[in-house]
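The lines below spell out each chain.
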Amino acid sequence: MLPMLKTTYMYRFIFLSIFLCLSSLVFAQVSATDSLQVSDDGYVPVYADNGDSAFVQGVQVEAADEEPVKDEKAKGPVYQGAYISVDVFDPLLTLFNGGKFQFEVAADVGLWHTLFPVVEFGMMYYNPVTEAYNYSTNGLFVRVGAGYNLINNTIARKYDHAVIIGARYAYSNVSYTLNNAVIHDNYWQTDDEVSASTRNADVGWVEVVAMVRVQLVKSFFMSLGVRVQFFPHLYKESVYYPTYVPGFGQYAEGVTNWNFDLSFCYQFPYKKAAKPERNK
Amino acid sequence: MIFYNKTDNSEHQFTLLNVKGVGSDSLLYNGATASKIYLPLKANDDTTSFECSYTVVVDEATSYSYPFNIKVAHTPMPQLISEECGCVMFQTVNNVWFEGEVSANWEVVIYNPNVTNVENDIHVQIYIP
Numbered sequence: 000m001l002p003m004l005k006t007t008y009m010y011r012f013i014f015l016s017i018f019l020c021l022s023s024l025v026f027a028q029v030s031a032t033d034s035l036q037v038s039d040d041g042y043v044p045v046y047a048d049n050g051d052s053a054f055v056q057g058v059q060v061e062a063a064d065e066e067p068v069k070d071e072k073a074k075g076p077v078y079q080g081a082y083i084s085v086d087v088f089d090p091l092l093t094l095f096n097g098g099k100f101q102f103e104v105a106a107d108v109g110l111w112h113t114l115f116p117v118v119e120f121g122m123m124y125y126n127p128v129t130e131a132y133n134y135s136t137n138g139l140f141v142r143v144g145a146g147y148n149l150i151n152n153t154i155a156r157k158y159d160h161a162v163i164i165g166a167r168y169a170y171s172n173v174s175y176t177l178n179n180a181v182i183h184d185n186y187w188q189t190d191d192e193v194s195a196s197t198r199n200a201d202v203g204w205v206e207v208v209a210m211v212r213v214q215l216v217k218s219f220f221m222s223l224g225v226r227v228q229f230f231p232h233l234y235k236e237s238v239y240y241p242t243y244v245p246g247f248g249q250y251a252e253g254v255t256n257w258n259f260d261l262s263f264c265y266q267f268p269y270k271k272a273a274k275p276e277r278n279k
Numbered sequence: 000m001i002f003y004n005k006t007d008n009s010e011h012q013f014t015l016l017n018v019k020g021v022g023s024d025s026l027l028y029n030g031a032t033a034s035k036i037y038l039p040l041k042a043n044d045d046t047t048s049f050e051c052s053y054t055v056v057v058d059e060a061t062s063y064s065y066p067f068n069i070k071v072a073h074t075p076m077p078q079l080i081s082e083e084c085g086c087v088m089f090q091t092v093n094n095v096w097f098e099g100e101v102s103a104n105w106e107v108v109i110y111n112p113n114v115t116n117v118e119n120d121i122h123v124q125i126y127i128p
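Heads up: the sequence lines are chains A and B, in that order. Numbering that gives the first Met the number 0 puts the first residue of the first sequence at 0, with every later residue one more than the last. Numbering that gives the first Met the number 0 puts the first residue of the second sequence at 0, with every later residue one more than the last.
Treat the hints as calculated values from the structure; they're not laboratory data. Incorrect hints may appear among the rest.
What the hints assert, rightly or not - Simulated coverage check for chain A against chain B, where a stretch passes if three residues somewhere in it have a Cβ under 8 Å from a Cβ of chain B:
#1 119-133
#2 172-181
#3 191-197
#4 237-244
All residues carry an ideal CB built from backbone N, CA and C; glycine is no exception.
Use the sequences and the hints to build the structure in full.
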C-alpha cells in the first residue's frame, strides 16, 4: 500500500513538473521594445500611423536603456542581480498560532531576469503544551529550486519586478519529544500518562511556488508568495513521525499543505557596474 | 488477529467464542462466531493477556468447551496525531503466544508488527492444524 501511494505522489510530481515546463513555453516573453515602437523621447503611438496622426501625449513608456534594445541583446547580461530575502510572515504568525516560531531567509540570483535559482534556509521551534500532552519540536530546513519569471518587459526589467513560478525540493531535519501524553482507554478504563524519548527524523517534500516581487525603493523589494507543498516523505521509513515539520507544517502521509510568504528583500547592486561601460 | 485452517488456508471460524482481557470485567466477545478478533493492548504495559474460550456443540445434550489464553508482548509508543485529534498509542507487537491444551500446536505469524491508528488492520495470523 505504502509504495503504491508513494508511486502515485511521484507521478503527481512528474505531472506537475511537466505542466510547469509547458507553462513556461506558453508564456512567451514579449519585450515592450519588440512589440511597440518607442520614440526617442519615450512616447508610444496608440493607433496606426496614418501620416497625420500624432503620438498621444501622456502615454509614456520608460525604456530600460536610452538606446533601443537590439534583439540579440534583448535579454541583457546573464547576471541580473542577487537577492537576499527575509520572511516576516511566519514570525508575525507566531503571535496568532500558539507560539509556533518559524524564520527563514532566502538567496536567489537573477539570470537574464528570467531564471531564478534559489536556496532557502530556515528554522522552527514549537512547544505546544495542553492538559493532554507536552510536545516539543525544533529543527532546520533547506529548500533548493528555481523560479521562472513570467514578466520580462521593459518596465519589469528596469525595476526588476517579477512574477515568478517555480519548484522546490525541501529537506528538514527535525527532533521532537512527546511528554505527559494522556491516553484514555475505554476498554481497560485507564488514563495513562506516558512519555516518549526524543526522536529524530529526516523529512523531504516538494513545493510549487508562485510569487510576486516588486521594488519598493532602490535595491529593496517586497514579495508575496504562496506555496503548495506535497509528497512529504520520511527518509527512513517509520510508523512514528514528527507531527510538525519545519518549513512544511503539519505532517501526515500524503497531506498537501499551503503556506504563504511575505518577504522583504535586498538586491545586491549590479547595474551600477554596467553604466561606466556604456559611457565609454 | 485472524485464524486460518492450516490444511487449506481457509478462515477458521470459532463458535461461541468468549474473549476477555485479564484484569478487566468486560467481555470483548461474548458467544460470537468469528475468525478475526481485535484485541486492545494496554497503553502503559509491555504485555497484555486475554482469556478466551470457544465451544463446539455436538448435539443438544453434548458440547465441549476449549479454554485458552492469548499473551501479546508489545512496545507502546505515544504519537501526537494533531492538535485537534490529540495523542494515540502506537504499538509494536514483539511476540504472541498461547497457553492452553487446545492451542499447543497453533502457529503464529506476526504479519504486521506495527499497530497504528488504522481500524480493522490485521497484524497477527494464527494457523490451526
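Stated coverage of the region 172-181 of chain A by chain B [criterion: 3+ residues, CB within 8 Å]: Our answer is that it holds, as 3 residues pass the Cβ test (under 8 Å) against chain B, meeting three.
message: Verify this for me: three or more residues of the region 237-244 of chain A with a beta carbon less than 8 Å from a beta carbon of chain B.
response: It holds: at least three residues are needed, and the region 237-244 of chain A offers 4 whose Cβ sits within less than 8 Å of chain B.
- prompt: Quick check: the region 119-133 of chain A, covered by chain B? Criterion 3+ residues, Cβ under 8 Å.
  reply: Coverage by chain B holds here, the residue count being 4 at a Cβ distance below 8 Å.
Given coverage of the region 191-197 of chain A by chain B, checked by CB-CB distance under 8 Å (3 or more): holds (count 4)
Checked against the numbered hints above, the structure violates none of them.
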